[in-house]
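K.L.:
One line per chain: the protein sequences are H and V, in this order. At the far end of the first sequence sits residue 532, using our numbering, and the numbering has no gaps. At the far end of the second sequence sits residue 213, using our numbering, and the numbering has no gaps.
There could be a bad hint or two in this list.
No more than 20 Å apart at the CA atoms, straight line, and that leaves these computed lysine to any residue pairs for SDA-like [said to hold, decoys possible]:
{"id": "1", "chain 1": "H", "residue 1": "K428", "chain 2": "H", "residue 2": "V394"}
{"id": "2", "chain 1": "V", "residue 1": "K78", "chain 2": "V", "residue 2": "Y105"}
{"id": "3", "chain 1": "V", "residue 1": "K158", "chain 2": "H", "residue 2": "L505"}
{"id": "4", "chain 1": "V", "residue 1": "K145", "chain 2": "H", "residue 2": "L505"}
{"id": "5", "chain 1": "V", "residue 1": "K194", "chain 2": "H", "residue 2": "T460"}
{"id": "6", "chain 1": "V", "residue 1": "K166", "chain 2": "V", "residue 2": "L180"}
{"id": "7", "chain 1": "V", "residue 1": "K118", "chain 2": "V", "residue 2": "L134"}
{"id": "8", "chain 1": "V", "residue 1": "K118", "chain 2": "H", "residue 2": "V503"}
{"id": "9", "chain 1": "V", "residue 1": "K158", "chain 2": "H", "residue 2": "H456"}
{"id": "10", "chain 1": "V", "residue 1": "K78", "chain 2": "V", "residue 2": "A126"}
{"id": "11", "chain 1": "V", "residue 1": "K197", "chain 2": "H", "residue 2": "D447"}
{"id": "12", "chain 1": "V", "residue 1": "K146", "chain 2": "V", "residue 2": "Y105"}
{"id": "13", "chain 1": "V", "residue 1": "K197", "chain 2": "H", "residue 2": "V394"}
{"id": "14", "chain 1": "V", "residue 1": "K64", "chain 2": "V", "residue 2": "R75"}
{"id": "15", "chain 1": "V", "residue 1": "K194", "chain 2": "H", "residue 2": "A459"}
{"id": "16", "chain 1": "V", "residue 1": "K194", "chain 2": "H", "residue 2": "S455"}
No lab work stands behind these hints, which were simulated from the structure alone. Computed from a predicted structure; not experimentally measured.
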Amino acid sequence: MADYWSLEGALAEETVVLACYNFGASGVGHILAPGLTLADVPAGNKVDTPLWLAVALTRRGMTTISPPEIYQERHRRKLNAGAECCNFKGRSPYFYDVGNKCNEFMQDPSLSAFLSHTYATRYRELVSKGLNPISGEDTLELQSKLSVEELAIFEAGRDSVARVQLWARGARPRSSSISAHPSRKRTLNARGC
Amino acid sequence: MPTASLFEYVAANLDSPPLTPEEGTYGPFRPNIPIKVPLYLALSLYRRGKCRIQLPPWMTKEELKGILEEERTHPQYFQPVPQYYVEISKLLFTEARAIFGNNSELCEIYDMIEELKKVRNSKILDGLRKVSGPITVKLNHLSHAESNKIRLLFENSLNMWHQLSKNDKVWQENRLAGSDTSMTL
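All chains should be modelled from the sequences, with the hints used to inform the complete structure.
P.N.:
Okay, structure coming up:
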């Protein structure tokens with residue numbers, strides 16, 4: 340999950356959210372919204388902004404964040420009905436991280452309850468398939484639907500089971516691909532060059 | 029693998045003063061007198077033909093049958109098994125097949141241990157599926173290999189639960205304390 344140093348946390352903040360600029364922003368119109376004809380963002384306008392910028396501006400009271408569509412009422416009903424079938428990889432690969440970040444400002448207990456409930460439903464599938472070393476069609480199908488955080492958990496489970504099985508077969512684990520190559524340092528020849 | 033703690037009974041064919049490998053002294057060895065040594069030493073003497081290994085007491089057909097029955101009748105909790113039963117059994121099957129007597133005995137014991145592993149594995153999966161929050165889970169009598177299997181997945185998913193549940197607490201505490209997070213830089 341996201342903390343300051345995590346790479347996934349940083350990548351999650353690239354997600355675009357709709358931010359309403361309370362006081363406008365001068366000179367950045369073309370950068371934020373390439374389709375905008377004006378150089379300045381007028382006050383009260385809603386523009387797509389990356390989450391890292393939206394969060395920083397909202398902390399200073401300059402913008403108001405509205406969370407992405409997947410956390411809105413319509414999708415919530417859909418996910419509450421059947422969360423296992425939803426494809427997070429395509430639509431919102433950082434579902435939980437972005438949700439948590441948005442909730443810091445929206446302060447909506449129902450959003451965090453919704454995130455927990457979604458995770459609880461999908462977790463059962465993760466455990467069943469994650470600790471099964473046999474890779475079948477349904478495992479691949481599940482993998483293509485998981486968000487980045489869920490995929491990390493899934494892969495960790497499969498990796499540990501695969502290693503135990505490898506040991507049971509008596510094979511050696513493959514060494515990491517970044518292995519030491521023979522040194523290619525240039526040696527000084529007689530002339531010193 | 030800490031085989032130093034896995035003691036086996038060995039009936040030695042050799043006559044030797046005490047051996048002192050890295051971590052302790054074992055011996056003296058006298059012919060046909062059983063002595064307790066770590067598994068690695070027992071296997072290394074066995075390879076040289078210097079000893080006979082006696083089966084650990086839990087690895088007999090009757091004991092295994094009893095443990096298996098208990099596992100099947102109590103689905104809520106695990107039976108106490110030797111902590112390294114997977115590792116010991118694997119090493120003995122691969123390196124010291126002769127100590128099991130005839131082939132059919134070996135197959136029976138092998139099958140019972142595999143069955144035990146499967147029953148315990150399905151219990152673990154059932155238990156894990158029931159987790160639905162950042163709770164403290166008590167898993168008694170889990171063997172070393174089994175806990176290795178589930179460690180990464182379980183730890184990561186508990187971390188995830190923890191993150192999701194504490195999401196609310198941060199801003200709620202701030203609100204109660206009187207400061208508003210949205211205004212801090």
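K.L.:
Could you run down the list of hints and mark each one as holding or not?
P.N.:
Status of each hint after checking the structure:
In summary, the hint linking K428 (chain H) to V394 (chain H) is not supported, as the alpha carbons are separated by about 23 Å, beyond the 20 Å threshold. A distance of roughly 42 Å separates the Cα atoms of K78 (chain V) and Y105 (chain V); the hinted pair therefore is violated under the 20 Å criterion. As the CA atoms of K158 (chain V) and L505 (chain H) are separated by approximately 28 Å, the hinted pair breaks the 20 Å bound. Between K145 (chain V) and L505 (chain H) the alpha-carbon distance is near 16 Å, which keeps this suggested pair within the 20 Å criterion.
The suggested pairing of K194 (chain V) with T460 (chain H) holds, with an alpha-carbon distance near 19 Å, which does not exceed 20 Å. Among the hinted pairs, K166 (chain V) with L180 (chain V) is consistent with the structure: their alpha-carbon atoms are about 16 Å apart, no more than 20 Å. Between K118 (chain V) and L134 (chain V), the direct Cα distance comes to roughly 12 Å. Compliance with the 20 Å bound is thereby established for this hinted pair. Proximity of K118 (chain V) to V503 (chain H) is assessed by CA-CA distance (about 12 Å); at most 20 Å being required, the pair is judged to hold.
Between K158 (chain V) and H456 (chain H), the direct Cα distance comes to roughly 14 Å. Compliance with the 20 Å bound is thereby established for this hinted pair. Distance restraint check for K78 (chain V) and A126 (chain V): the Cα-Cα separation of roughly 14 Å lies within the 20 Å cut-off, and the hinted pair is therefore satisfied. With a C-alpha separation of about 11 Å, the suggested pair K197 (chain V) and D447 (chain H) falls inside the 20 Å cut-off, and the hint holds. The hinted pair formed by K146 (chain V) and Y105 (chain V) meets the criterion: a straight-line CA distance of about 15 Å does not exceed 20 Å.
Between the alpha carbons of K197 (chain V) and V394 (chain H) the distance comes to roughly 19 Å, so the proposed pair stays at or under 20 Å and holds. For the proposed pair K64 (chain V) and R75 (chain V), the alpha carbon gap of about 17 Å is at most 20 Å, so the pair holds. The suggested pairing of K194 (chain V) with A459 (chain H) holds, with an alpha-carbon distance near 15 Å, which does not exceed 20 Å. Between K194 (chain V) and S455 (chain H), the direct Cα distance comes to roughly 11 Å. Compliance with the 20 Å bound is thereby established for this hinted pair.
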